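A.B. asks: Spelled out, the chains give:
There are 2 protein chains.
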Amino acid sequence: MTQRPNSIEFSPIGVIKTPYGERAPYQPIDDDPGSFRIELFPSHQNGLVQLERFRYIYVLYHVHKASGTSSLLVEPPWTAGTTVGIFASRSPRRPNRLGLSVVRLKRIEKNVLYTSGLDVFDGTPLLDIKPYIQDLDAKPDANHGWLEDIGNRDHLMLHIKGIPHDY
Amino acid sequence: MTQRPNSIEFSPIGVIKTPYGERAPYQPIDDDPGSFRIELFPSHQNGLVQLERFRYIYVLYHVHKASGTSSLLVEPPWTAGTTVGIFASRSPRRPNRLGLSVVRLKRIEKNVLYTSGLDVFDGTPLLDIKPYIQDLDAKPDANHGWLEDIGNRDHLMLHIKGIPHDY
Numbered sequence: 089m090t091q092r093p094n095s096i097e098f099s100p101i102g103v104i105k106t107p108y109g110e111r112a113p114y115q116p117i118d119d120d121p122g123s124f125r126i127e128l129f130p131s132h133q134n135g136l137v138q139l140e141r142f143r144y145i146y147v148l149y150h151v152h153k154a155s156g157t158s159s160l161l162v163e164p165p166w167t168a169g170t171t172v173g174i175f176a177s178r179s180p181r182r183p184n185r186l187g188l189s190v191v192r193l194k195r196i197e198k199n200v201l202y203t204s205g206l207d208v209f210d211g212t213p214l215l216d217i218k219p220y221i222q223d224l225d226a227k228p229d230a231n232h233g234w235l236e237d238i239g240n241r242d243h244l245m246l247h248i249k250g251i252p253h254d255y
Numbered sequence: 089m090t091q092r093p094n095s096i097e098f099s100p101i102g103v104i105k106t107p108y109g110e111r112a113p114y115q116p117i118d119d120d121p122g123s124f125r126i127e128l129f130p131s132h133q134n135g136l137v138q139l140e141r142f143r144y145i146y147v148l149y150h151v152h153k154a155s156g157t158s159s160l161l162v163e164p165p166w167t168a169g170t171t172v173g174i175f176a177s178r179s180p181r182r183p184n185r186l187g188l189s190v191v192r193l194k195r196i197e198k199n200v201l202y203t204s205g206l207d208v209f210d211g212t213p214l215l216d217i218k219p220y221i222q223d224l225d226a227k228p229d230a231n232h233g234w235l236e237d238i239g240n241r242d243h244l245m246l247h248i249k250g251i252p253h254d255y
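Going line by line, the protein sequences match chains E and U.
When we follow my numbering, the leftmost residue of the first sequence carries the number 89, and every step to the right adds one.
When we follow my numbering, the leftmost residue of the second sequence carries the number 89, and every step to the right adds one.
Simulated from the structure, these hints should not be mistaken for laboratory data.
Just so we're clear, the structure is a prediction, and the values are computed from it rather than from any experiment.
You can trust all of the hints, since none of them are fake.
Cross-link-like lysine to any residue pairs, in silico, SDA-like; alpha carbons within 20 Å at most:
id, chain 1, residue 1, chain 2, residue 2
1, E, LYS153, U, ASN94
2, U, LYS227, E, ASP242
3, U, LYS227, E, ALA226
4, E, LYS227, U, ARG241
5, E, LYS198, U, PRO183
6, U, LYS227, E, ASP207
7, U, LYS227, E, ARG143
8, E, LYS153, E, ARG125
9, E, LYS198, E, ASN134
10, U, LYS153, E, SER99
11, U, LYS227, E, GLY205
12, U, LYS105, E, ASN94
When you get a sec, could you build the whole thing from the sequences and use the hints?
C.D. replies: Set out below in structure tokens:
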């Protein structure tokens with residue numbers, strides 16, 4: 089395999105474990121303790137010192153199983169034909185298949201982080217963990233962009249978040 | 089150059105332009121229009137459709153000029169000796185030198201995004217842009233983790249954010 093020009097190389101630092109062996113974004117989240125966890129390689133365990141003090145963390149990962157070729161325009165599911173640019177979406181089929189999620193950090197045991205639900209495949213390669221810092225990252229005046237056009241946005245968000253619901 | 093085992097390759101999709109030719113984290117932010125902008129490669133311009141609807145965006149980049157070797161324990165500046173794990177910090181000297189910032193999107197002109205201040209070097213390679221979505225990303229109950237131990241946290245945040253101040 090040859091390198092692309094100007095390519096930037098990263099190496100996995102761990103693995104994300106979820107109940108999603110196949111893509112199953114609509115299935116109810118199994119929120120049993122331990123269903124969602126991040127297994128940092130033991131060699132990196134010291135990097136977790138003091139992380140448990142944070143309520144939320146950013147998880148960055150390689151969307152390694154995203155299927156299909158990437159396109160600059162996407163039609164997100166549930167939006168009935170709305171077409172938006174890939175950078176205006178969270179679709180995994182991006183030019184660089186970098187995934188980003190904000191999750192609740194429940195606890196850390198040695199090199200394993202137990203978190204709230206993470207809508208990624210089991211075995212997803214972990215690239216980085218960063219603390220989510222209230223003053224830097226929580227923007228109370230953030231909006232929903234083009235999602236505000238969607239009539240049933242509240243319903244849509246249940247899908248986007250993977251929250252089970254009956255309607 | 090040989091690839092590392094299991095390495096993941098990404099390619100820059102643009103360049104971040106800032107007034108910071110040398111590392112200058114304490115200098116006042118020049119917030120003139122145009123001081124901070126993201127120049128997406130023109131080939132990717134279609135990926136920006138509908139992005140301008142969002143008030144905030146995530147910017148992901150390669151911290152290409154971070155000096156020194158990465159360590160799993162870091163002593164952030166201004167914290168007078170507090171040692172924390174690299175994953176509990178936003179230090180750029182990480183195992184994978186992936187940077188993440190939340191910025192205000194001011195406007196888009198063709199392939200150029202004008203944003204609020206970005207504390208990165210001029211010329212930083214852009215890897216991805218994602219919309220910051222209120223319901224997914226704004227966590228009103230987020231905390232400050234170990235930063236809450238710092239007596240002058242409000243002051244510290246001015247430094248972390250790069251906001252000019254006289255005290």
